[in-house]
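Residue numbers (numbering that gives the first Met the number 0), protein chains in the order written: chain A, 0 to 558; chain B, 0 to 428.
Hints are computed from structural coordinates only; laboratory data are not their basis.
Okay, derived cross-link-like pairs now, DSS-like style, lysine-lysine, Cα gap no bigger than 30 Å in a straight line: (1) A:348 with A:52; (2) B:145 with A:255; (3) B:145 with A:249; (4) A:249 with B:411; (5) B:145 with B:411; (6) A:186 with A:350; (7) A:62 with A:395; (8) B:273 with B:246; (9) B:411 with A:255; (10) A:324 with A:255; (11) A:249 with B:147; (12) B:339 with B:145; (13) A:427 with B:246; (14) A:324 with A:249; (15) A:324 with B:145; (16) B:411 with A:324; (17) A:186 with A:62; (18) B:147 with A:186; (19) A:52 with A:350; (20) B:147 with A:324.
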Amino acid sequence: MLILLLVGAALHFDCTGAESSGEVLRARHVLNRLAYGPRPGEISAVVAMGVEKWMRGQLQPDKIENPELEGRLAELTSLTSNQSDLLGAFQDQMQRRQRERGEDEDQESLSRMDELAPDEGRFQVTLALGELQRAKLLRAVYSERQLEEVLVDFWFNHFNVDARKQSVIAMVGHHENEVIRPHVFGKFRDLLGATARSGAMLIYLDNARSSAEMHPAMQGRGNEEVQRPGRGLNENYARELMELHTLGVKGGYSQKDVMEVARAFTGWTVERSTGEFVFRSRLHDRGMKRVLGRRIREGGGMEDGEQVLDLLAAHPATARRIATKLCQRFVSDEPPNDLVERVAAAFKKSKGDLRVTYEALFFDPEFFNPVHYDAKIKTPFEFAASALRAAGIDLKSEAAMSVWRGRMPLRAMEAAATLGRGGERLQKRVGSKTVLLHILEMGMPLYAWAAPTGYPEESTHWVSAGALVARLNFALALAGGELADVGEAPVLQSGISPQEDGHDSLEAAENNILGRRASEATRQVLQKEAGAGREGEESQVDQNRLLALLLGSPEFQRR
Amino acid sequence: MNQSRVTRRFFIKQGALAFAAIGAGSFFGPGFLRSSVMAAENSGTGGGRRILVCLFQRGAADGLSMVVPYGEEDYYKLRTAISLRPPSAEGGVLDLNGHFGLHPALAPLHDFYGAGELAIVHACGNPHTTRSHFEAQDLMESGTAKDKNLLSGWLNRMIGVCPEDEARRSALRAMSMTNQLPRSLQGREEALAVADLAGFGVRGGILQEGGGGGFEQLYESATGDVLHGAGRDGFGAMELLRTVDEKNYRPQNGANYPGSPLGRSLRQVAQLIKAGVGLEVAFVEAGGWDTHINQGAASGSMANRLADMGYCLAALHRDLGARMSEVLVLTMSEFGRTVKENGNRGTDHGHGTAFLALGGGVRGGRILGDWPGLSREKLFEGRDLAITTDYRDFFAEACVRHMGVAPADLNKVFPGHRASPQAFRGYLG
Numbered sequence: 000m001l002i003l004l005l006v007g008a009a010l011h012f013d014c015t016g017a018e019s020s021g022e023v024l025r026a027r028h029v030l031n032r033l034a035y036g037p038r039p040g041e042i043s044a045v046v047a048m049g050v051e052k053w054m055r056g057q058l059q060p061d062k063i064e065n066p067e068l069e070g071r072l073a074e075l076t077s078l079t080s081n082q083s084d085l086l087g088a089f090q091d092q093m094q095r096r097q098r099e100r101g102e103d104e105d106q107e108s109l110s111r112m113d114e115l116a117p118d119e120g121r122f123q124v125t126l127a128l129g130e131l132q133r134a135k136l137l138r139a140v141y142s143e144r145q146l147e148e149v150l151v152d153f154w155f156n157h158f159n160v161d162a163r164k165q166s167v168i169a170m171v172g173h174h175e176n177e178v179i180r181p182h183v184f185g186k187f188r189d190l191l192g193a194t195a196r197s198g199a200m201l202i203y204l205d206n207a208r209s210s211a212e213m214h215p216a217m218q219g220r221g222n223e224e225v226q227r228p229g230r231g232l233n234e235n236y237a238r239e240l241m242e243l244h245t246l247g248v249k250g251g252y253s254q255k256d257v258m259e260v261a262r263a264f265t266g267w268t269v270e271r272s273t274g275e276f277v278f279r280s281r282l283h284d285r286g287m288k289r290v291l292g293r294r295i296r297e298g299g300g301m302e303d304g305e306q307v308l309d310l311l312a313a314h315p316a317t318a319r320r321i322a323t324k325l326c327q328r329f330v331s332d333e334p335p336n337d338l339v340e341r342v343a344a345a346f347k348k349s350k351g352d353l354r355v356t357y358e359a360l361f362f363d364p365e366f367f368n369p370v371h372y373d374a375k376i377k378t379p380f381e382f383a384a385s386a387l388r389a390a391g392i393d394l395k396s397e398a399a400m401s402v403w404r405g406r407m408p409l410r411a412m413e414a415a416a417t418l419g420r421g422g423e424r425l426q427k428r429v430g431s432k433t434v435l436l437h438i439l440e441m442g443m444p445l446y447a448w449a450a451p452t453g454y455p456e457e458s459t460h461w462v463s464a465g466a467l468v469a470r471l472n473f474a475l476a477l478a479g480g481e482l483a484d485v486g487e488a489p490v491l492q493s494g495i496s497p498q499e500d501g502h503d504s505l506e507a508a509e510n511n512i513l514g515r516r517a518s519e520a521t522r523q524v525l526q527k528e529a530g531a532g533r534e535g536e537e538s539q540v541d542q543n544r545l546l547a548l549l550l551g552s553p554e555f556q557r558r
Numbered sequence: 000m001n002q003s004r005v006t007r008r009f010f011i012k013q014g015a016l017a018f019a020a021i022g023a024g025s026f027f028g029p030g031f032l033r034s035s036v037m038a039a040e041n042s043g044t045g046g047g048r049r050i051l052v053c054l055f056q057r058g059a060a061d062g063l064s065m066v067v068p069y070g071e072e073d074y075y076k077l078r079t080a081i082s083l084r085p086p087s088a089e090g091g092v093l094d095l096n097g098h099f100g101l102h103p104a105l106a107p108l109h110d111f112y113g114a115g116e117l118a119i120v121h122a123c124g125n126p127h128t129t130r131s132h133f134e135a136q137d138l139m140e141s142g143t144a145k146d147k148n149l150l151s152g153w154l155n156r157m158i159g160v161c162p163e164d165e166a167r168r169s170a171l172r173a174m175s176m177t178n179q180l181p182r183s184l185q186g187r188e189e190a191l192a193v194a195d196l197a198g199f200g201v202r203g204g205i206l207q208e209g210g211g212g213g214f215e216q217l218y219e220s221a222t223g224d225v226l227h228g229a230g231r232d233g234f235g236a237m238e239l240l241r242t243v244d245e246k247n248y249r250p251q252n253g254a255n256y257p258g259s260p261l262g263r264s265l266r267q268v269a270q271l272i273k274a275g276v277g278l279e280v281a282f283v284e285a286g287g288w289d290t291h292i293n294q295g296a297a298s299g300s301m302a303n304r305l306a307d308m309g310y311c312l313a314a315l316h317r318d319l320g321a322r323m324s325e326v327l328v329l330t331m332s333e334f335g336r337t338v339k340e341n342g343n344r345g346t347d348h349g350h351g352t353a354f355l356a357l358g359g360g361v362r363g364g365r366i367l368g369d370w371p372g373l374s375r376e377k378l379f380e381g382r383d384l385a386i387t388t389d390y391r392d393f394f395a396e397a398c399v400r401h402m403g404v405a406p407a408d409l410n411k412v413f414p415g416h417r418a419s420p421q422a423f424r425g426y427l428g
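Pulled out of the complex, with its shape left as it was, chain B reads as follows (with noise of 0.2 Å):
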């Protein structure tokens, strides 16, 4: 109890200061503290703060299968076993625009998109990706087409050009729930990778109940040294983190989160958001979309993935209710799937695939792009989906008119691509 004190007290002193500092008009307080006060700040007035939530879906995700292009002859000749029927047959696709047709799976995404809060991006991806996993995942979270040695990631630069507050800048305003701090995240400004609200913190045993504690005291000592700057926010975060009760959590208007992984993540970042805790940038990943073998068709191990994924999303939109306006989902992947299937009615490493933006502010209920279609000539290499949108195209229009970052930041978030409204897809309007 008594290291509990300390660290309270601690607390309790630093945001009076924070108080007064923001009361004289000054905001260069430490950030713990301006944390703490935002946190205070936000919790009563509800918020208002801008939230985007990337969901990777790791794997190679088959976006002919998410979003099913069953108008076209190609589709059927060269997929079989694993092709998704028309909307009129039984187990059938659900109809987007007469030519595309959503996953039955993902039946809770097709009343977004008919409530006009889905907006569909196919045949996006990375130009000049290769057909390595961790190549092309580690590329389109850095942000880049091949630089491998760009060692940040967009969403960090993102935030470094995030038009902010100071006042209301929070320890936890970025977060990842995983183990490790993805690639998207790395960087110069302050991101924290927590898989477990509960868990995460300086675990107590020898230094007693409470965390930190002389920790605490030892690097808000520590002035002058960077390390003070990492341990300020590590203990704010903590300190925050501990309003944030996860145990007993109760989703809102009746949502129900799946048992899975992305469940929880994404259960969690409801929980964040909801507590105020000034949370702008969130990431979740989900596994299982390196469909080589039985991928299946309106069932099977590919519809199991898209029907977690629809239903988590489900969740995630009903428990926020209107705070989804606030909030804006991409989905990415880091490439498509072969257009044709194998020889184990699965599909190997492709190229373009479907993203997908989820939210209030969202211009939805259409599939935007230029759909290069199946035809032997169009295919890229002569066997995948060609991409018309590059990624970062499509991140950029959230940095942009989501984030509020200025269009001639563009190059600093992804640098060498000439990124400009004018390559938006116009999801966000």
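Bound conformation, chain A alone (with noise of 0.2 Å):
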């Protein structure tokens, strides 16, 4: 059983008024920024081992112990299965439904668990997404690694690919632990040369599919019929590359520019067994481009793509769109024009090192104006996980959930449920909603959002009415132990009874929950809600209550 300090982590604090030292703010706003949020005693913890040593040492993970997290994710065993196997599975399971029920050219409708049977081969890769899904959840709980986490989600929102697009589903977990993860402490090049090769982007990007146009004198001849609808240059890839992942919408190209880099990049594509990158040379236009004023030589193959991905990775455009989006994540939505310029600078002269360009942000001094503090509205993940640490929540494994006798697995049940279909359906099996399941009704479907723009920076995205409602829900359920992968409501230790000395308990538990003295206003909610308890009521249920406004406060929702 889990016990909840509330009360105990906040002797911790030499914050004796209302106003906290600003140590104590400074150690909250890295793990509000840096982490996803802190737990119960980090802050004391984070403060006693100093900020910036654990700064140095988040900019370092390898050198960090992450024993529970390894325990955690011991369950999920898709995640190491590789991706010409679940490409396999992906081709089978199309194969049987062609011949079952005829065709489906886009093969997207593997979603519809109503339309899988029980059989492992029919799951597996439905499977494979929900533990995906779940490992990112757990990694954002538990890893020590935090750093390491937020900025796999940042690069992979950067480079972002839909699960719910033709194959990608097989791909997206390659995509993100094989192309995004051993490169966010590496090189920009690098990074954008693994997204440029890995087959879930050449699929959601159609890259795959691009190929040189026709020559001319081949057409008019009959020859159209050769040339299948879908054939041809496809420019999606190289327009979001310039576009998105590099020197942004006012970076200074043309639609001329978007289709010479189409035509250098024609010819990479994917093999469709295995997922690997393969140069494909019958397919690549051999002619001469010219990019952003660049000449790149006629008769080239592969390293046409090469050039232009070189080109753009160093241009000054990219250093400050990339120094502008670490700025919105880091910062806020509308970060200090003078901070983008350092941190861009940075960029530009260690050549795109990444862990320089962050070490420039984070050192920054104004990284640590207070004005920035709780500046951002969380994501609904960020919203969840930092909630979950908070109250020190310890998700059960499918494994220990009792409650839990389906035929198909629960993580491929949340997973569809993901992908659109049988999300009720769960929560009637289950009896309540997941962790998952309330954070897609928070507004946030896991690797399936459509825009390659990736999930807003922007906090007002995340601000409405019905999201807050469902924001709500989650937080009197994890007070109230009705999370189905928690199942019962945190036990909250109860030194001080609120009744005979509300404030002080009042003040431990939003220091423990909210890392600060809540506003004037909440508190004075907080207070009257503190003592609300019927007579005879167990004060448990008034540290559950207070628990639950406090993590639904508007205050918490912030980071």
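Build the complex from these two chains, which are given one at a time in their own frames, with help from the hints.
So this is what it looks like as structure tokens:
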């Protein structure tokens, strides 16, 4: 049984009055930005270690032991299955469907759980997506390498793919863990190059089907039949490569540049059975190209694309765009211009060394300007993860969930719900919602965001009446023991009964969940609620009510 | 009980303030109270506002089976097992104009066509669409041809440019009867996804019955924070929905909604309209249109889907009675299906399809738009019904002629598209 030290940890704070010390606030700030929020006692631990030392440690994740996370991930066996096995299962399933149900050329209906029979082969792919979602949640809550997880999230979002498109579902795990993760502390050019070869990206942005336009001499002679629909130049990847991955929408490229870049990447495609990158020279346009004024000689092959990536990675507009996005994620929606310039300069000077770029941002005095504290509104995922951390929740493994006796693994059902099918059925089966279903209800289907932009960095996207109601329901479910994968209410230590000494316990609760004192307005409501239990009611219920209110408070929606 | 009393008190207090504010001619009170007042106001007068209901047929509905070109030889050449027979034959289509006929399962809609309340725009869709369901749905809901990076939806942007009486703006102005907010309604304007009216709210548990309570006060007092507005709208919506008793709803005029998900959705839409809670835009959806195999003809899987849709719309029409004069229902689907049937007696992903407009204000009984025909050289990419009406012109007509959007604002609703009344097909006059 879990003990939440609502009161105990607060004793470590040396804040006796309303004001917390600057160092405490700095520790809280870095835990909100470089991590998924503070766990009980963690703010004081970071203060004790020294804020800067903690940050430097997070920048060297290889040196951080991570036993708890590794133990929890062990249950998710498909995390280690390789891409070609999953593609094989995906294609088997498609063939079976074609035999049984007729053609589905876009191969998108896998998600319909009502069509999935309970033998293992049939939900292998959906299960892999579900375990990837679960792993993302477990990593955010339990990893000691918090900054790495925040950065993987950031860069995945920057190089977004959508699991709902064709075979991307079988490759999205590889995209995150083999393409993105190894490079988040490396060189931007390497990360960019890896994403350009990612099977998921090649399918998602259609470069896999892009090929040289038919030579004019071949046209008009009945050869159009050969050029099937869908063949020919596809500029989707080329456009997003410049607009989103590198230069930015005002990065100074033209429609002509888009076409030229698309030509340079013809032949960059994917081996359909393995998901491995392959360059097919017969699809490649060997003519001369001119990109952003730079000439790419005719007769080239795969190196045409590499040259484009070199050019884009080193372009000043790219430095500025990456700096802007990092500042939006880590500082505020509209970061100060001179800060962006300093971060962009570090990116340029280091030739796109990402660790150096992060250091320039995190150790800039502007980073700790208190005006940025709590300036960001948490995404639903950040909100859920930070709430689970703040309350010290022990998420149950599927094996430990006695309530669960489904034919299909729970994680596969969660993935199916994310893909648009069967959420209600899952809830009915389990009795209450899992954390993932709550995140979905708050408006954030993981790995299933259609637009290549990724989820918006702007806070306003996450502020709406319906989403807020869903957040409050999550807070209530968590505090009330109604999360399917927790199963019981957090047990709070009742050292000080609120009836006897309401204020002190309130202060402790605020410090533990919010990491600081609540606003005066919020505190008044909390004070009233803390003692609002009916007569004869356990004070435990008051504590849980307090926890729900704190997690649902406006303050806790921010980071 | 304690909690719900607090809620009530906040409601009444704010409501009283709102009345005062409106009396003074100032409309800048919080939306929560505006909506509350509006509800009070509206339920007395019976409304008068215009309501747009969008029905998305997800999965690519076969327009050629909905509105059948039975007068076309090529139709019967390309389709055998799944073709619908001419009106004269048993189980044949219901004649519309001597060339087209309505699927017999859509019999309830045939009456509306005869009464001039149903118009059809055939060969409609997104000229730039892909053959991927999710991409095509996304683009259509975004209201663009191919800009995948436009994150807001056309309905949301439409709400942004609708002329509005600030004092009447409701927290339930835009509702989707789905679990997730569809792309069509995502964006800056407040919109709610509520699949189940009775289930919406902050569910009590440890906060006791009545919902909200402490949360409501937390957000009420968070003035100056953007979250304050979301809280205000969220609790405003809950308060309004509390006045809507979903379980005991009795449809009027003998209307009988099918027990299907679509029936449930439209029943709730009707209930919201009648409750006078300020609904202006409603979104509903129906699935099951991806008929790759055994699509059927006069009976079968497609016919079942159509029968459900027809009966659901008929029930809505009957239930709303005279209020249908304020209501416009549009149907839409991400693309149509191949003209030729496939080897599994089904159809694959195609291009143009049929969009419907139903309502008291519709100048119906007509099939609008240019009919491209089904001869091989007229088919899109040699296989699909070509598109002669850009779906945005179909939507834009509703924006301007039903919702009162100024034509000059159409470029905000459909950026990158030259939408103008000249391109309207005229289903609203």
